[in-house]
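Undergrad: Please model the complete structure; the sequences and the hints are all you need to start from.
One letter stands for each residue in the lines below.
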Amino acid sequence: MSDSVSVDAPGIKAPGIKASSGVRQGEPWYKNKKLDQYLCFWSVPIFYTLFGLVFVPLSWMMPPRSPDSSMAEIVAFMQSENLLFACVILILSVGLAAVGNAVYMTQMRRMTVSPAFRFAFMAGSITGPVVGCLFPMFCFGLGAFRPDYDPEILAMLYDFGYLSFIGCLGCFCLMWSMLGLSILLDKNNILPKWLGYYTVWQFVTELFAATVWIAKTGPFAWDGLLAFWFNMVLYVPWQIIVYFYIYKAIQNQPEHELPNVLPVKAQPMLQGNAL
Amino acid sequence: MNNKGQLLLLWTTPVAGILFLIAYFMFPAFAPPMSPTMTPEQVAAFFKEHEASIRGVIIYGNLIGAALVPLFAMIAVQMLRVINSSPVFAYSYIIATGVGLTAFILADFAWGVAIFRPDRDPQLISLLNDMAWFFFIAPAGCIIVQNLCLAGSIYLDARPQPVFPRWVAHFNILTAVLMVPAAFSVLHKTGPLAFDGSLSFTLRLLTYVMYVAVMFFVLLGIVNREVENEGVAA
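Going down the list, the sequences are from chains W and V.
For the record, in the first sequence the residue sitting at position 18 is 18 according to this note's numbering, with numbers rising by one throughout.
Throughout, this note's numbering is defined as the position within the second sequence, counted from one, plus 275.
Hints should not be assumed to be uniformly reliable.
Claimed, not checked - With the Cβ distance kept under 7 Å, some of the chain V side facing chain W (calculated, not the full set):
id	residue
1	S361
2	I370
3	L431
4	Y486
Said to hold, decoys possible - Partial selection, computed: residues in chain W whose CB lies under 8 Å from chain V:
id	residue
5	K31
6	V44
7	I46
8	L50
9	L53
10	C87
11	V99
12	N101
13	T106
14	S125
15	I126
16	F138
17	F145
18	L258
Rather than coming from a laboratory, the hints here were simulated on the basis of the structure.
Ideal placement from N, C-alpha and C gives every residue a C-beta, glycine not left out.
TA: Here it is, written out as C-alpha cells:
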C-alpha cells in the first residue's frame, strides 16, 4: 500500500510491494476478503431495527410523551409490562452499538487524520450507549418492574429517562464532530466531502436539544418542535446516508490495503492491524 | 525483546480472582442473593442487617471490575495481531468492554449509595437495589458481543499459524450463549430466570468465572509463544 493511504499503520507500511509478490498468508478459507467488515456492517441494520422496536412499538417511549403529563398518565405509562420486554431486547442488543461504531472507526482509520480523531470517537461511543440508551430504558423498566413504587418515584424516573435519552448530547456531538472533521480533513476521500458538511450541520443541530434541561413546554421541551422533531428530521436521513456511504467505502477499499491479502514480506513482524 | 509488560498486565487477572474469593468468603451478602420478591421494607431491613457485608461487596466489586480490564485489553491486543481485513472486531471488542464495565460500575454504585445511608426511605433503598440488579445484568449483552467478535476474528484469521487456537472461538460462542438467559431476568420475579435464579445468577457467575480463568491461561500461552516466535515489545 502507498503511504498516502494511511498515516499510521505500522507493520503494513511497505510502499511498492504489490499483493501479488512474495509469499502469501495462508490462503484464508473465505472468498470475500472483507468478510469481517461486512459482517460488522450488516449488524447495523439489525441493531437499528431492534433499537426501533425497543423505543417505538414496544415501549411507546417514542415519539416522546409530554414533560407535563398528568401524574395519572405518567403512572399508567411507567407501569406497562411491555417496558420490560423492551429492556430485555435492549440488554441483548446494546453491544451491537459497539460494532456499528467500530465500523465507522475502521473507515476513519483509512483517512489522513490523526488517530486522536478516532480515539475521541471511541471514547464517545463507549459512554453513549450507557448514558443515552441503557440508562433511560432502565429508568422506564424499573417503574414497570415494581409497580407499587410511589407515584413521586415513578415521576422522577420518567423525567430521568426522558432527559437522559433526549438530553444526552455531549458524547454524540463528540462522536459526530470527530467524524465530520475527519471527513473534511481527509485527503483520501474515503467519504464524500458534502457528507462532512452534512455531518457538521447534523451535530450542530443536535446542540438544540440542550434546552430540554430547561423548558417543560413549547418547542424547546423534550417533545418540542425544535429540540426534538427538527433534530429527528435531520438525523434519521443522515444516519441512513452515512451508513450507505460507509458501505460504499468498504466496497471501494482496494485489495492491497487488506492485511489478509498482503504478502508476509510486507509485514515484517507479521503484525496484523494497528489500532 | 521481552514480554514483561504484557505478563504484568495479564497477572492482574489472578489478583481479580483473589479479590473475588476474599469478597465471596468474607462478605457473603449475596450468597444466596436476595430475592426480587422482597417488598421495599424487607429490602431495607436486609440492607440494615447485612450492612458491613454489602459495603465489602461494593468496594471489592469496584476493584474486581477494574482488575479484569487488563485481561480484556490483552485480548484486544492479540486480536490486533490476528490478520483480518481490518481491526473492526478489535474496535468492537474494546468499545463493548468499556460499555460493559461502565454498566457494572453503575450497578456497584447503586448498591453503594443504598448502603451509604440504610435509614433512607425503604422505597428509595428498594429502587437503588432494583437499579443495581438491572445494571448488574446489562454487561451480559456486552460480553455476548465481545465474545462473538473475538470468535469472528479467530475464525477469519488468515495467518498460517493462527494467533488464537480455533477452540477458543467455539468456547467464546458457548460462553456467549450461556449469558443469554440472564437478560430475561427483568421479566421474572421467581424461578431460575429471576435475578437470584439458577440461570440468571449462578450459571452466569460460574460461566463468567470459568471464562476468565480459561482466557487467562489462553493468553498466557499466546504471550509466551509470541515471544518465542516473533519477539515483541514490552
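Undergrad: Starting from the hint list further up, note which numbers the structure goes against and sort them upward.
TA: Result: hints 4, 5, 6, 7, 8, 9 break, sorted rising.
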